[in-house]
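2 protein chains.
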Amino acid sequence: PRRIMRRLGKVSDIQSFSEVRSIERSTERRSLSAGPSLSRLRRNAADDFFEKEKSPIIGQVRDSYILVEEKNCLKIIDQHAAHERVLYEKLKNEKERVKKQKLLVPVKIELTLKESEVLKDNLKTLDDLGFDIKKDSKNFIINSVAAGLEKIEINKFIKEIIDDLLNSDRIKKIKDAREKLIASMACRGAVMAGDKLEPSEMEELVEQIQSGEIKTCPHGRPVAIELNWNEIEKKFGR
Amino acid sequence: PRRIMRRLGKVSDIQSFSEVRSIERSTERRSLSAGPSLSRLRRNAADDFFEKEKSPIIGQVRDSYILVEEKNCLKIIDQHAAHERVLYEKLKNEKERVKKQKLLVPVKIELTLKESEVLKDNLKTLDDLGFDIKKDSKNFIINSVAAGLEKIEINKFIKEIIDDLLNSDRIKKIKDAREKLIASMACRGAVMAGDKLEPSEMEELVEQIQSGEIKTCPHGRPVAIELNWNEIEKKFGR
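Residue numbers (this note's numbering), protein chains in the order written: chain D, 2 to 239; chain X, 2 to 239.
Simulated from the structure, these hints should not be mistaken for laboratory data. Among the hints, a few may not be true.
It does not matter which identical chain is meant; a pair holds if it fits inside one copy or across any two.
Simulated pairs of lysine-lysine, BS3-like, Cα-Cα distance not exceeding 25 Å [said to hold, decoys possible]:
1. K236 / K72
2. K173 / K96
3. K197 / K235
4. K103 / K152
5. K197 / K236
6. K91 / K176
Chain D with its partners taken away, still in its complex shape:
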């Protein structure tokens, strides 16, 4: 099945990062083929950004990992594990009710009898987690989603959540209904391995990982591995 296209959050004002970065390089060292008028346009857009700091992001590999240049190591971030944990913490830490994002057009979802029952049992908890879902005569109508998950394919997302509740061993083992839904939502809502990310999306994800204490995904898998520069240099015989 086609992968869910979604965004990590708000679109940044700056041009995509790597564009800006390479422009910066061209202008600081020498001018290549890039016309000066074009460069100037970009710089203007980026000025605010560079007054802050330079991003350590090198790029995305295999559409699955984000490479980050740190002082002591080359860090490889697993985009899915990292985003899953970020979503998990976000949903979990909203002590009361998760902020809702009203859909411009409510989405109708058709379910089997079995699926309907599972959904019905979880409507209250889903509501607390930002999903306003009402029972129609035969179907369900989704009126709002959790803020931060605006860009998911809502119909597919809800079916995957129900599927998790019915089938996923990992989820079924959790006793608390809210926790069960959070675990499923975080996994299903996170970017997948194989999803191309915009530079701004990478920036945002890396920022969330670097600033916090996030070391593993909710299942305990590491969100990042580190290759020490000293070790790399040793391999090169330096």
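Assemble the complex: chain D is given as a structure, and chain X must be docked to it using the hints.
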């Protein structure tokens, strides 16, 4: 001392690679803040390039290594070792005389007596290697350099070569004068660790490494190390 600024070779027609790459991503998935007119400008410049193939270069780290995404591994290329070997092979394989690049303005170089003698002893070999250097009354005048080394700081470069001939154990051990000069020229002419590279320069260097059988620098150090994707995935518990 300030690092020598130089180029690996001809400037490519396309915009810097990572700019083009991220533009491609924006337009294929969704439009970010980049204005359409700007994107169109870039696409036009890049169209020819994308008809060929997509580069596997992710970027440069620590201004020293080039990261390349390969099917089976993440390849980390040592830019200095790689370029040194490329120059070495190029100079070595020109069986007769290396092509000369005439300098627009001949460069005068002042030397100590000892340095002058070493240079004088090697003028014929240097001429074969593309360096046309004439003795003035007191100084030396450089009229041409080896093609491919046009962008070196010629004065500094020649002094480093002389320095190698006088002091470097590695060079002194080599008996053949031509071989001695080639080894020194390759090392001194190559980009250094710490030199920022343009995307087009990375492209060119990586192409030369990937296409050939180059595994080590002239001293036997590896030009690249490979991190297998399977191993990386194992570390992530996948």
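A quick look at each hint next to the structure:
In this assembly of identical chains, the alpha carbons of K236 and K72 lie at most 25 Å apart whether taken from the same copy (18 Å) or from different copies (21 Å). For the homomeric pair K173 and K96, the shortest alpha-carbon distance inside one copy (23 Å) is at most 25 Å, but the shortest distance between copies (73 Å) is not. In this homomeric assembly, K197 and K235 come within 25 Å of each other (Cα to Cα) only across copies, at 22 Å, whereas the closest approach inside a single copy is 33 Å. For a Cα distance limit of 25 Å, the shortest separation of K103 from K152 inside one copy, 12 Å, qualifies, whereas the shortest one across copies, 60 Å, does not.
Taking the shortest Cα distances, K197 and K236 sit within 25 Å of each other only across copies (22 Å), while inside one copy they are farther apart (31 Å). Only within a single protomer do K91 and K176 lie at most 25 Å apart by alpha-carbon distance; the minimum there is 20 Å, versus 68 Å between protomers.
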